[in-house]
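**Student:** Keeping the supplied structure of chain B fixed, place chains S and U upon it in accordance with the hints.
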Amino acid sequence: MTGPLGQRVRQLAATSAGASSAARDESAPAGSNPGASPLLEVSDLRVRFRSRGSVVNAVQGVSFTVEPGQTLAIIGESGSGKTVSAYAIMGLLPRTAHVSGSIRFRGVQLVGRSEKELQDHRGRNAAMVFQDPERSLNPTMRIGTQIAEAIRCHLPLDRKEANERAVELLRLVRLPTPERRFYEYPHQLSGGMRQRVVIAIALACEPRLLIADEATTALDVTTQAQIMDLLLDLQQELGTALMMISHDLALAASYAEEVIVMYAGRIVERAAAEDLFGNVRMPYTRALLNAIPRIELEPHVLLPVIGGRPPDLSTVVPGCSFAPRCPDAQQDCRQEIPPLEEQEIGHWWACWHPCEGGQGGQKEAAP
Amino acid sequence: MAVPVADALSPALPAGDIAEAGRFSRARGAMGTLEITIPAAVLLVLLFFCFVWPIVYPVPKPTGGSILNSGLPMWSPGHIFGTDTVGNDIMSRILYGGRVSFEVAVAVQVIGLVVGGLLGVIAGYSGGPVEAVLMRVLDVFIAFPSLVLVLAIVDSLGQSEINVIWALAAFSIPAFARVARAATLRLRDQPFVVAARLSSAKTWRILFGHIVPNMMPQLVTFSLLGAGVTIILEGALDFLGYGIPDPAPSWGKEIAVGQTMLSIRPSLVIVPSIFLFVTVVCLNLMGDGLRSRWGVR
Amino acid sequence: MTPNPVTEAGAAATHSGAALLEVRHLVQEFVLRDYGGVKGGVLQAVSDVSFELDAGETLGIVGETGSGKSTLARSVIQAPPPKRGSVIFQGKDLVGLGRRAMTSVRRDLQMVFQDPFRSLDPKWTVSRIVAEPLIAQGVGSRSERRERVNSLLDRVGLDPVGYGKRHPRELSGGQAQRVAIARALVLEPKLIICDEPVSSLDVLVQAQVLNLFEKLRSELSLSYLFIAHDLALVKQVSDRVAVMYLGKLCEVGPVRAIYRQPLHPYTLALLTSIPSPARSAGKRGTSSVISGELPSPLDPPSGCRFRTRCPRAQERCAAEAPELRSLGGEGHLVACHFPLSDGSRTSAEPAAVRR
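Those protein sequences? They're chains B, S and U, same order as listed.
Under the numbering used here, think of the first position of the first sequence as 234, with each following residue one higher.
Under the numbering used here, think of the first position of the second sequence as 44, with each following residue one higher.
Under the numbering used here, think of the first position of the third sequence as -15, with each following residue one higher.
Same shape as in the complex, but just chain B (with noise of 0.2 Å):
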């Protein structure tokens, strides 16, 4: 809430729509005190989908809090239930999706409302940028309308103050000269600019909370480094939490203060950046280290593997999930699921046999 330029953009929406912020404002405890109360609470979140007669279960008892300006970053690979969880914290999933649990935002609870209610909550609390910009944008109408089309959802403004907001909005995501874009279509931006584009939209309500589901996945790697600072730098700025949806580690490492782990619909381990990765605990997170080629390595050097696929969510198994493919599982592993438990400050994971923590053995079972 420091920048000068969101200073602005708040000057604006003050302006021309004071009684729905303060609206949005009372309902929740002061915003300028962190650690008062967390901006979002997960807890025990459950996602059940009906699939062709089997039941899949996508997420499995999910929990954990997003303070007010967190940069948070949930990793796993596909099928682990983080794009799922995601979509239920926005209320994206579709009927078809059987959802329980708790899920508060500033205190709401999430689960259970009506979609009039949702979409009320969406763009104004939290809002998302997805993975392809291409689809996240209508190709047949001009980028600075789709962006006031976003903050007219939400906010009263007519149209003039609307369009001044949206130019103001471009500014603000660095797309060089802001006034000409505005008239332009998706296909005459880059992958890079459209990205800006669509956070731009997401940040058209000053959301509390802004999800970014594999945002960078689809853009080159320099690209890629661009939008990330640009959503760090905006988040110093409009003090938005930043909760980062990804399958790269390093990603997460180079630009999450916290990291959580997903495995088939369950966290497995979760804790500061730092300690993540250079106290690994939970030998799944230690696989998918070993797993990444890294620039230190020598060339033609075997990446240390572990064998086998994540399961299949339709059958309940007991036990550890990833026990049969953990090269230190052992008997209770199979048996008995462990909880996801705090064993060391701000380290929580859910392993009967951890390791020894560093930065991961090589252990390796057949590839």
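Check the hints yourself; a few may be wrong.
What the hints assert, rightly or not - Capping the alpha-carbon separation at 25 Å, the derived lysine-lysine pairs in PhoX-like fashion look like this:
#1 S:K245 with U:K174
#2 U:K174 with U:K76
#3 U:K107 with U:K149
#4 S:K245 with U:K107
#5 S:K245 with U:K76
#6 U:K174 with U:K199
Just so you know, the hints here were simulated from the structure itself, not pulled from any lab data.
**Tutor:** Below, chains S and U alone, put in the same frame as chain B:
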């Protein structure tokens, strides 16, 4: 830089695209299959009655009825749907008329599929002048309003079931060719076709091993929907008097004849219309159902 | 373009003995058509690229969007053939080669594609897919083919009995890619072009498949042309690396040299843009050395194509396109007027964007 494809969790979810919200809402289950099996069953029943039943059961002949028998109402003993003005049993005219409809529909679709499909595949795969010439020739046929074209052909060839089939095929071949060409263009640059070319597979192998099998779902659904259109067109031809010659029955003709007596005996029009309607609706439902089931565009 | 003696000498100096693959001044263009088929512009996806690959060697080609790396791969296998230049494989120029001759070349040159599910015919079974090249080339009897297919499936880690009759949709991404690899190997090729073969796979599976590539390389003495956008991954598998930008080669050299002493500013920018857990423990974010946007490939910058985003650009860079020349050690070539001369990673000055 694509999203990592999942090592498939289960056959229930398509491998990889779990992140797409749209996929979740495709809750198929039993409902989707019913969409296909019920119309298919109805069609099978109709086919049975039109083709098999008259062989097995002594149905009265559709032609050559005695005038003494004429004008019997519905539900008369021995004549479920009654008889027409010249004494023919309506039910049997419907059944034999149905034969014509189905025969024409199947023949036209098969001709369209084979000839049109082949032309389209060749055009799409060759590209260049071959494609240009083929498509322009076919465009000429497509440019005509279908009914006008069909009428013209039947008029010049003379009325008979075979000629009706040829006339309708002139309409269906270009349609199939278009679909086949579009599908070929789409498939031609797929990596698996490129890979086949890289192994130096012969062209005909590529066409019939890779390209054609992968467009079959599309062609099958197209032919089901096309069959419905064909039946209606054939009915229209008969209605106008250009279809199969008298005294052979057909649904269109029954409707035409019955039309003159609409106020007195509406059943003469209603009964064949219902058969026509149900057949076409079932074909459409099947076509649509298969299309969504197979994910055909 | 007339061959430049400096370039040629530089290129020749890197190799002893006949190279397996020699690409010379390759140009690939696409004509863009506007509505109505009117010629809208010419996109030169690959501009005058030359390099060599020795037997048993892996050359990694790195680049981002628009670099032309995939187009380059397709041009080498002649699908479609390049507009200009030559591709000399085992002594024969593939460009313009007749169909029959090309058929025998294809035994030694194969390709693995990025998306395994699109490179396998969804209607075919695994065994049939792997056997296709054998059938197409008329190799072996039916039982011989079956044996060969089974032994290859085994080699890539798939049980032939269990997997032979499956269809691609019943496979996971990693398994499907293994099938694609088996198919590429069935004719016993010398060189395999790998076009981003692991980009669409999950992290753990990616490592498995990379290991498989390595294993096969040593077991079968293969050479790879390995195309990727991930620098770390490329380093993992390559002996030499070539960096591409907007259709041109920026830098080519032995892998260690490139990563330890990058000479081209773009290479440096790529390296510093990579997030890495080890590198930035405790430090948030990366200082991105590169700014601006990728220029349109339809209208690339004059002179050096990278100059609009290069922190070191000067006037000469706009006037004159730099040639690829040998610098800094054995086989290390760079195309830059002001290469990074010393080994240390210079911290970049703020980008001076000039057009």
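**Student:** Could you tell me which of the numbered hints above are not met by this structure, giving the numbers in increasing order?
**Tutor:** The structure conflicts with no hint, since it agrees with every one listed earlier.
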